[in-house]
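Can you build the whole structure from these sequences, using the hints too?
2 protein chains.
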Amino acid sequence: MVDLRVVLVGVEGPVNLGVIARTCVNFGVKELYLVNPVASLEEAVRYSARGRELLLNAVIVDNLDKALKDVDVSVATSAIGFSDGDTIRQAISIEDFVEKVVVKARKLALVFGRESTGLTREELMKTDFLVTIPANPDYPVLNLSQSVAIFLWEIWKRTGLKPSNIPPRATRGDIEKILSILDTITSQIVSSEDKIKRCNIVLRRIIYRSLPSVYEAKVLLYWTRRVERKIMMK
Amino acid sequence: MVDLRVVLVGVEGPVNLGVIARTCVNFGVKELYLVNPVASLEEAVRYSARGRELLLNAVIVDNLDKALKDVDVSVATSAIGFSDGDTIRQAISIEDFVEKVVVKARKLALVFGRESTGLTREELMKTDFLVTIPANPDYPVLNLSQSVAIFLWEIWKRTGLKPSNIPPRATRGDIEKILSILDTITSQIVSSEDKIKRCNIVLRRIIYRSLPSVYEAKVLLYWTRRVERKIMMK
Numbered sequence: 001m002v003d004l005r006v007v008l009v010g011v012e013g014p015v016n017l018g019v020i021a022r023t024c025v026n027f028g029v030k031e032l033y034l035v036n037p038v039a040s041l042e043e044a045v046r047y048s049a050r051g052r053e054l055l056l057n058a059v060i061v062d063n064l065d066k067a068l069k070d071v072d073v074s075v076a077t078s079a080i081g082f083s084d085g086d087t088i089r090q091a092i093s094i095e096d097f098v099e100k101v102v103v104k105a106r107k108l109a110l111v112f113g114r115e116s117t118g119l120t121r122e123e124l125m126k127t128d129f130l131v132t133i134p135a136n137p138d139y140p141v142l143n144l145s146q147s148v149a150i151f152l153w154e155i156w157k158r159t160g161l162k163p164s165n166i167p168p169r170a171t172r173g174d175i176e177k178i179l180s181i182l183d184t185i186t187s188q189i190v191s192s193e194d195k196i197k198r199c200n201i202v203l204r205r206i207i208y209r210s211l212p213s214v215y216e217a218k219v220l221l222y223w224t225r226r227v228e229r230k231i232m233m234k
Numbered sequence: 001m002v003d004l005r006v007v008l009v010g011v012e013g014p015v016n017l018g019v020i021a022r023t024c025v026n027f028g029v030k031e032l033y034l035v036n037p038v039a040s041l042e043e044a045v046r047y048s049a050r051g052r053e054l055l056l057n058a059v060i061v062d063n064l065d066k067a068l069k070d071v072d073v074s075v076a077t078s079a080i081g082f083s084d085g086d087t088i089r090q091a092i093s094i095e096d097f098v099e100k101v102v103v104k105a106r107k108l109a110l111v112f113g114r115e116s117t118g119l120t121r122e123e124l125m126k127t128d129f130l131v132t133i134p135a136n137p138d139y140p141v142l143n144l145s146q147s148v149a150i151f152l153w154e155i156w157k158r159t160g161l162k163p164s165n166i167p168p169r170a171t172r173g174d175i176e177k178i179l180s181i182l183d184t185i186t187s188q189i190v191s192s193e194d195k196i197k198r199c200n201i202v203l204r205r206i207i208y209r210s211l212p213s214v215y216e217a218k219v220l221l222y223w224t225r226r227v228e229r230k231i232m233m234k
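If you're matching them up, the sequences are chains A and B in order. Using the numbering used here, the letters of the first sequence map in sequence onto residues 1 to 234. Using the numbering used here, the letters of the second sequence map in sequence onto residues 1 to 234.
Because the hints were derived from the structure by calculation, they are not lab data. Mixed in with the good hints, there may be bad ones.
When chains are identical, the list treats them as one kind, so a pair holds in a single copy or across two.
List of simulated lysine-lysine pairs, DSBU-like, C-alpha gap at most 30 Å [claimed, not checked]: (1) K69 <-> K230; (2) K218 <-> K104; (3) K30 <-> K197; (4) K100 <-> K197; (5) K104 <-> K126; (6) K69 <-> K197; (7) K126 <-> K69; (8) K30 <-> K230; (9) K230 <-> K157.
So, in structure tokens, the structure goes:
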């Protein structure tokens, strides 16, 4: 799993800073570096919720070089990902970045610029390459904390821990049990072979597509068994 | 391409509200509904950047039903995606949601709850199903605007391209017709009120989540009518 460092250069808004610290914890980031922060840390803490500790332990430095020390790869982020003929504005998309780079990285610094003016050309030059979020071409400039959230989420998705707030999915076996009863029911209520087949195909697709949880499959199994019993009693 | 409506229930923070309006524009969302907003819109505008116009044109309503009018599918979001044996806490992950549901949806409402207490059970019941962002199990509760950003980004990513090889989706009316027959069936085969309710909730969630096409809904309607007739003949 990649070891991630979030680097904020000249962050201006205390709300953004606080929320970003929280988001770091939401996605398992353990290192937060602040290069010449403008925002009040004291005020930012109010918006950090359980990112408070990470924020209070943030490493504050006075230039970008110090924030990039000891990382293998450093990546700058910008809404301006492309400028024809400009060597430092040749971004790759966040998706390619995660797919091709993050999965192989060891220690990676993600660098975000100021809310007002982003990163300077000099700062961009110090990072290894540029990544961008391809948003609405009419207005691609995201709020800083939103941009951080999307980056961390994409990286987390690829490298993160197993989620615990999602119910366990029903197994194929659970679902097949339900489908087998539905087949029996269909054969009792529909006469034409062709129609039986169509009904069963649709039922199969509907149920697999709905991605039932173990619990939902249990209720469905109960329901189908009751229907079957009632129909068979005739 | 999916027609998306963002619904914020009882939003409390003006910064969140402003930033969310901006994020909506970043990802091409054209409808913003506010159910009993607590945050000051006047203050929120200061944080909305070029989301200003969308925020000023937000539809303000006094209950969730009004905000869900005219959508085909309504989806609640929550950090608490799973509770064993609880019919309304059986979330699917945002990735499954986007992969399996959004790509086929026509008009979709994404519902977000209050910063402090989320959505009430009653509100959760009014939506068709639940989706969650599987973040750090130690602290999965994202700031509201971060959660919105991640949802909109994931949806934008998938629907940026125009899929033309996808069948038309069944309307809400088509699906409700099927559910109403399923309700009748359940009341014939299950005796306990509590179990009837559980079965009907699971059936509703399963069917909405599978996002049937017009054709699939037709076959399902046929199938449920045949089951109903058979059961009623007894």
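Right, here's what the structure says about each hint:
1. Proximity of K69 to K230 under the C-alpha cut-off of 30 Å is found in neither arrangement, the shortest distances being 35 Å within a copy and 37 Å between copies.
2. Within a single copy, K218 and K104 get their C-alpha atoms as close as 17 Å, and across copies as close as 27 Å, so both meet the 30 Å cut-off.
3. Proximity of K30 and K197 under a CA criterion of 30 Å is satisfied in neither setting, with 36 Å inside one chain copy and 42 Å between copies.
4. Taking the closest pair of Cα atoms, K100 and K197 come within 30 Å of each other both inside a single copy (26 Å) and across two copies (24 Å).
5. In the homo-oligomer, the alpha carbons of K104 and K126 lie at most 30 Å apart inside one protomer (21 Å), although the nearest pairing across protomers, at 43 Å, exceeds that limit.
6. For a Cα distance limit of 30 Å, the shortest separation of K69 from K197 inside one copy, 24 Å, qualifies, whereas the shortest one across copies, 36 Å, does not.
7. For the homomeric pair K126 and K69, the shortest alpha-carbon distance inside one copy (11 Å) is at most 30 Å, but the shortest distance between copies (52 Å) is not.
8. Proximity of K30 and K230 under a CA criterion of 30 Å is satisfied in neither setting, with 47 Å inside one chain copy and 49 Å between copies.
9. For a Cα distance limit of 30 Å, the shortest separation of K230 from K157 qualifies neither inside one copy, at 46 Å, nor across copies, at 47 Å.
Hint compliance for this structure: hints 1, 3, 8 and 9 are broken, all remaining hints hold.
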